[in-house]
Each structure stands twice: as structure tokens, then as C-alpha cells.
Amino acid sequence: MSFSVLVCDDSNMARKQVLRSLPEQLSANAQLAKNGQEAVELLRSQQFDILFLDLTMPVLDGLGVLQALKDENITPAIFVISADIQPEMQNKVLELGAKAFMRKPVQLDVLNTNLKSHGFL
Amino acid sequence: MSELNLNEDQQDCLQEIINVAMGQASDQLARFLDTFVYLKVPSIEQVSTLSLIETLSSNENSAAVVSQGFFGYEGIRGEALLVYKPKDSDRLADLLGYEPDELSVEEQIIDLSSILTTTFLNVFAKQIDNQMSYSAPRLLAGSQSAVSDHLAQQSFNWDLALKVKITYQVTDYSFNCDMILFIPESAINNIKSVIDRILEEF
Amino acid sequence: MYSNDICIDITNKLNTGVLIIDNQYNIVFWNRYLEIHSNRKTDDVVGNNIFQVFPELPQKWLKRKVEGVFQLKSQSFCSWEQRHHLFELQHTRPISTNSHFMAQNCTFLPLERKDGSDNVCILIEDVTDVCHYQTMLNKTLEELAQSNRIDGLTQIFNRKHWEECLEKEFSRARRYQHGLALIMFDLDHFKLLNDTYGHLGGDLVLIETAKIISSLLRLGDLFGRYGGEEFAIILPNTDIVGALDVAERIRVAISKNVINFQKSEIKVTASVGVAVISEEDTRYEDLISNTDLALYDAKASGRNIVCVAKHLIEA
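Those protein sequences? They're chains R, D and P, same order as listed. With the first letter of the first sequence counted as 1, position 83 gets the number 83 in my numbering; the numbers rise by one all the way through. With the first letter of the second sequence counted as 1, position 98 gets the number 98 in my numbering; the numbers rise by one all the way through. With the first letter of the third sequence counted as 1, position 123 gets the number 123 in my numbering; the numbers rise by one all the way through.
The shape of chain R in the complex, shown without the other chains:
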């Protein structure tokens, strides 16, 4: 089954890393956003099932995105993939509605486990 995916990260390489690790049916039509602002705008205009979100981004950062989505009641399944791995940060993103936190560089098995446990595989 296919789900609509949005990958948000300011790093081209990081976006590619995520896409590379996703199964075909999810990566094929995935869309990309370069920063939080772009992501929020896309999420307002289209329906997305899954959002992969980086935290440290210019313009609007990951926490900003999470807050905006919460305020506007936009609810894709949010998976945070970040270089900032402090426990406080992890807790914060979960409190703001993220489904899971994964550290960079994203590992294939970790990603798959998370997707599976939330019904996407």
C-alpha cells in the first residue's frame, strides 16, 4: 500500500539518505522540502501521511514545524530524524506530537522498525 511522504531537511544529502532507506512504494512519489517553512506550506495545501523531519534547519526549524502542525491540527505521522540527539530534545519532539525520534545518519533497520510499528509497512 502506498502512503504519501514528505521529507524535510536542509541538507540534500540527508534527504537522499532518507529516500535511499525507504521502501520503493514510499520513496517513489515522495516530496521534498528544504526547510520548515516550505514543509508547512506543503502540508497545508496537500495531504501527507508521513513526514520525515530534521530539527536544525534555517527559516523555520523542526520544533517550529511541530508546533505549527499542532496548532493547525495537521496530523501526518511525524518521524524526526536529527543530528541533535539530546534526551531533552527527544522528549520535546515526542511531546509535540512526533511518533518517533531517530538519530542521524538514519539506519535502515531503525527506520523500518519504526515504520512497521506505526502501520506503514
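Quick caveat, the hints were computed from the structure, so don't treat them as lab data. Given the structure is predicted, the values throughout are model-derived calculations rather than measurements. C-beta atoms are modelled at their ideal positions from N, C-alpha and C, and glycine is treated no differently. It is possible that part of the hints are untrue.
Covered by chain P, according to a simulated footprint, are these stretches of chain D (three or more residues, beta-carbon under 8 Å) [unchecked claim]:
id : segment
1  : 70-81
2  : 106-112
3  : 115-127
Restricting the straight-line Cα-Cα distance to at most 30 Å, the calculated cross-link-like pairs of lysine-lysine (BS3-like) are [stated by the list, open to error]:
id : chain 1 : residue 1 : chain 2 : residue 2
4  : D       : Lys-40    : R       : Lys-16
5  : P       : Lys-114   : D       : Lys-126
6  : P       : Lys-73    : R       : Lys-92
7  : R       : Lys-16    : D       : Lys-165
8  : D       : Lys-165   : P       : Lys-73
9  : D       : Lys-40    : D       : Lys-165
10 : D       : Lys-40    : R       : Lys-99
11 : D       : Lys-192   : R       : Lys-16
12 : P       : Lys-73    : D       : Lys-192
13 : P       : Lys-256   : P       : Lys-299
14 : D       : Lys-165   : R       : Lys-92
15 : R       : Lys-116   : R       : Lys-92
16 : D       : Lys-126   : P       : Lys-63
17 : D       : Lys-40    : R       : Lys-70
18 : P       : Lys-73    : D       : Lys-40
19 : P       : Lys-211   : P       : Lys-256
20 : R       : Lys-34    : D       : Lys-126
21 : R       : Lys-34    : D       : Lys-192
22 : D       : Lys-126   : P       : Lys-256
23 : D       : Lys-126   : R       : Lys-99
24 : D       : Lys-40    : R       : Lys-92
25 : D       : Lys-40    : R       : Lys-34
26 : D       : Lys-126   : R       : Lys-70
27 : D       : Lys-192   : R       : Lys-70
28 : P       : Lys-191   : P       : Lys-256
29 : D       : Lys-192   : R       : Lys-92
On the provided structure of chain R, position chains D and P as indicated by the hints.
Same frame as chain R, now just chains D and P:
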């Protein structure tokens, strides 16, 4: 002067490696300091040695500069210069977990700088399948001549300076520091090939 | 690959101390260098707590340092410039130094053992030579810097350094709204004095005058030789009343002083100018200007007198 001459992909790759290194190093630092470190995206830019010396000497309050050599495999080595302005040096000891009179201001700055440098470079090295060794950190006097003299004495060709601007904000105490990595010409190509190797995986 | 035996052999021949501790701070291994320099037997050391074996170690500081190594899995250092030594070991250098103990550079290395436990290896390097020569070098450099600041003849600040001091004091006074006074005095008829007694006599007068005035000043006052026979004093945190008081005492002291030169008794007087920092002054040179004008007035008024900058009188 040699240029790193990275294309967009290579630049992006390097930025990402540095981001991840910064993220993990900050986490380690935060655990050690028992606090939360607010992280900003570290900016990377190539700087010419001349502009660098100018910047270092133009600061009003003489910045503290700590220098530490690092060496890894495959010729990846250089010198890390940590430049920062301790706004409130009394707090540093507290931050590092010491009583204020337990160690001198110099020691505090050197210790903190060494922690920042080695944790960052260790993680950085791990990502490029490398391992770093370090020389003892040294505090350079804040004057322009001291820094430029020091740099002139380096035996390798320090053509390339990569400035990684780190901003650390620790809950109730904020300090900024710039980490400048001096990489000799011979190491530049090594780094490029490592980056290309990583990019090839995509 | 070299066998363990060779590694241990080399470790015991090293000219560096190797000390390994576990996370309970018990000594797991040490090398021959340490056995010799600490004058203890391995049997009495290995297995024991490091603070028991070396009670001189600053326990709290060292624990914090070593914790860092365990946690961050990263090297740490301590140089002789920060702490002269950690371990009290006799040095064997053929030079006499201030300390009986060797100056040390210590490196702390994280070690992960095969059984998963964490150890820290402390490398202890004797840098007594470096310490000795660096200390001597620093002392010489300091003396050199000092001589760059001091006027050779009178041993008070030379003009260059004195002006630098004034610049600093001026901006400090501006920033913190403090008072600042300047006194400039010039020995009267000095050329005549030189012609009469020769330069040696003139020099002696300058030297003696500097000595006497120095003794009248406070700790924070900055006394310098401004010109051949001209002197200047910076008085931080001083108002016009205080400055005038000092200026008058200077004038009196100089006029009363008798300088014995060869078979003569030389007497000399000084003209003194005084000014304090005022709102209109934008740079330290303005303050010098005002004081200089006051000094000129003193000369014009008959010498051996104290004059105040005019605009201050009007105020």
C-alpha cells in the same frame, strides 16, 4: 592559496557530516556538563589566512584562543583553533563542574576548549572511518602577533582554513565560539576523496 | 604484530611514566619509570587506590578530570603551565631548579579493555627542562618589556608608556565617570644648571628629583618623564582640590631639596601646571594640552609656582 573547491554535493556532504558530528558532540558535552545544550546549525566557510588574522585581532575584548593539533589516518590532520570570548569566566568553572577557586581561568578555558575540540573531532573522524589523536591544547595570548606568530611556526602549509562557526547555548549561560580547522594542503585531497566515497554510496 | 612481551618490555624502558587505573581509581598497572621515580615497590602499589599511593594528588580535581575521560571517551591533558606537577616525583635533571619535584605534562587516555571494562591510562612526562628554560625566558622577556617602559636615567616611566597609561586612564575615567587629574612640572632654569655643573650634575638632579617625587605619590599614581627636564603625573580618581594639594607639595619638596654634587650643593625649583578632566575634553591629548598651558602660565608667572588650567578657575 589552495581552495577546497567543493561542488555543491560535496559541500552539502561535508556540512551534513559536520552537523552530525556537532549533534553528537553536543550531546556528549551536555551529558558531561549535566545540562542542555541548545544547538544551532554550524556554518562552514573557507577563510583566507589574512582575513582570519584580521578577524582575530580586531576583537575588542581580547578573545581567548586555544590551539590543539589533531592527527588521523590517511593524512587527515591539522590544527584546531578555538576562538571565544568568555563573557563571564567565573561561570566557566561552575559549568565544568569545579569550584571556582579549584582551577585558574586559563585552565578552565583550556579544559573546555579541549573538550569541545576532541568530542567534535572524534565524532567527525568516526563518520569518515578515521580516528584522531591529539596534542596537548595550548592557550595562545590574545594578541594578534601571538596568534600569527604561532601560525607562522607551523611546519605544514596551512593554506586552507575551514571555519566552523559553533554557537553553543547552555540553558542559563550562553557562549559563542568559533572553531577553525587548519588543514594542510596534503590533507585537502584526502578529505575530498573521503567525501566522494561517501557520496558514491548514493 | 608484536607480542605482548615486547610491548611490556618497551613500556618498562620508556622515559615516561605509564599509570593505568580502573573506574574505581585502583591502580591496574604501572611501569618501571614510576617504580624508580616514586621509590616504591610494585607490590605495594598495583591493586591499591591511586589516592592512597599518591596522597598529594588533588582528589576532587583529578576525579572530575578522569570522569571526563571515561564519559567522553576522549583524551585530556594537564600541562606544567597549568599545574607544575601532579605526582610528587623527584626530578633527575642536572640543573638546579626551584622545585624538588619534576615538572610534568600529563596525558589521560581512555582505554577500553577486552573484558569491556574502562580504564584510563595516565602518561607522565618529565618536562623539568622545558619548565626551567621557559620560566627563565619569561623572566627575561618581562625584564625586556619593563625596560621598554622605563626611562633609563630616572627609572620612572618613559614618555611612550606614560602616554599609553594616560590613554587608558582617560577612557576609564570617561566610562565610569571618575575624576582624573594631571600634573606637569618642569625644572626651572635647567639649561643654566647643566651649563654650570655639567651634564653629570644635571643628571643627578633629575635622578634625585624623580626619587623624591615618587615617594610623595600614591600607589595608583603614574609618574613619567615627559621630556628632558619635564615630568608628568597621572592622578586617577582625583579632583582639582586633591591635585592642587599634591602639586603644591611637589613644588615645596623640590624647592627645599638640596642635591650634593661633588663639592657643590645644588638647589632647583619647578614650575607646576595642573588640570583635571572636563566635559569638553574629547581625547587624552586635550588634557595634556590644558595642563601644558597651565605649566606655561606658571613659567610666565615667575616660576617656582603652581598654576591651574584657566578654564577650571572660571568654573
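How the hints compare with the structure:
Counting residues of the segment 70-81 of chain D whose beta-carbon sits less than 8 Å from any beta-carbon of chain P gives 0, not enough to reach three: the coverage restraint is violated. Requiring three or more residues with a Cβ within less than 8 Å of a Cβ of chain P, the coverage given for the segment 106-112 of chain D holds, as 4 such residues are present. Interface restraint, the segment 115-127 of chain D with chain P: holds (4 residues with C-beta to C-beta distance below 8 Å; minimum three). A hinted pair counts as satisfied when its Cα atoms are at most 30 Å apart, and Lys-40 of chain D with Lys-16 of chain R qualifies at roughly 22 Å.
Restraint check for Lys-114 of chain P and Lys-126 of chain D: the C-alpha separation of about 20 Å stays at or below 30 Å, so the hint holds. Using a Cα cut-off of 30 Å, the hinted pair Lys-73 of chain P and Lys-92 of chain R holds, with the two alpha carbons roughly 27 Å apart. With a CA separation close to 25 Å, the supplied pair Lys-16 of chain R and Lys-165 of chain D stays within the 30 Å bound. With a C-alpha separation of about 24 Å, the suggested pair Lys-165 of chain D and Lys-73 of chain P falls inside the 30 Å cut-off, and the hint holds.
Between Lys-40 of chain D and Lys-165 of chain D the alpha-carbon distance is near 9 Å, which keeps this suggested pair within the 30 Å criterion. Proximity of Lys-40 of chain D to Lys-99 of chain R is assessed by CA-CA distance (about 23 Å); at most 30 Å being required, the pair is judged to hold. Restraint check for Lys-192 of chain D and Lys-16 of chain R: the C-alpha separation of about 19 Å stays at or below 30 Å, so the hint holds. Annotation: proposed proximity of Lys-73 of chain P to Lys-192 of chain D holds, straight-line Cα distance about 28 Å (limit 30 Å).
Pair hint Lys-256 of chain P plus Lys-299 of chain P holds up; C-alpha atoms about 19 Å apart against a cutoff of 30 Å. At roughly 26 Å between alpha-carbon atoms, Lys-165 of chain D and Lys-92 of chain R fall within 30 Å of each other, so this suggested pair holds. At most 30 Å may separate the alpha-carbon atoms for a hinted pair to count; Lys-116 of chain R and Lys-92 of chain R meet this at roughly 23 Å. At roughly 27 Å between alpha-carbon atoms, Lys-126 of chain D and Lys-63 of chain P fall within 30 Å of each other, so this suggested pair holds.
In summary, the hint linking Lys-40 of chain D to Lys-70 of chain R is supported, as the alpha carbons are separated by about 23 Å, within the 30 Å threshold. With a C-alpha separation of about 24 Å, the suggested pairing of Lys-73 of chain P with Lys-40 of chain D holds against the 30 Å cut-off. A hinted pair counts as satisfied when its Cα atoms are at most 30 Å apart, and Lys-211 of chain P with Lys-256 of chain P qualifies at roughly 14 Å. As the CA atoms of Lys-34 of chain R and Lys-126 of chain D are separated by approximately 27 Å, the hinted pair is consistent with the 30 Å bound.
The straight-line distance between the Cα atoms of Lys-34 of chain R and Lys-192 of chain D is roughly 25 Å, inside the 30 Å bound, and the hint therefore holds. About 80 Å separates the Cα atoms of Lys-126 of chain D and Lys-256 of chain P, which puts this hinted pair outside 30 Å; it is violated. Proposed proximity of Lys-126 of chain D and Lys-99 of chain R is supported: the alpha carbons are some 29 Å apart, at most 30 Å. Taken as a hint, the Lys-40 of chain D and Lys-92 of chain R pair is honoured in the structure, with Cα atoms around 16 Å apart against an allowance of 30 Å.
The suggested pairing of Lys-40 of chain D with Lys-34 of chain R holds, with an alpha-carbon distance near 17 Å, which does not exceed 30 Å. Our distance criterion of 30 Å between C-alpha atoms is broken by Lys-126 of chain D and Lys-70 of chain R, whose separation comes to about 37 Å. Only pairs whose Cα atoms come within 30 Å are accepted, and Lys-192 of chain D paired with Lys-70 of chain R is rejected, the gap being roughly 42 Å. Between the alpha carbons of Lys-191 of chain P and Lys-256 of chain P the distance comes to roughly 20 Å, so the proposed pair stays at or under 30 Å and holds.
A C-alpha spacing of about 37 Å is found between Lys-192 of chain D and Lys-92 of chain R, which places the hinted pair above 30 Å, so the restraint is violated.
Hints 1, 22, 26, 27, 29 from the list above are not met by this structure, while the remaining hints are.
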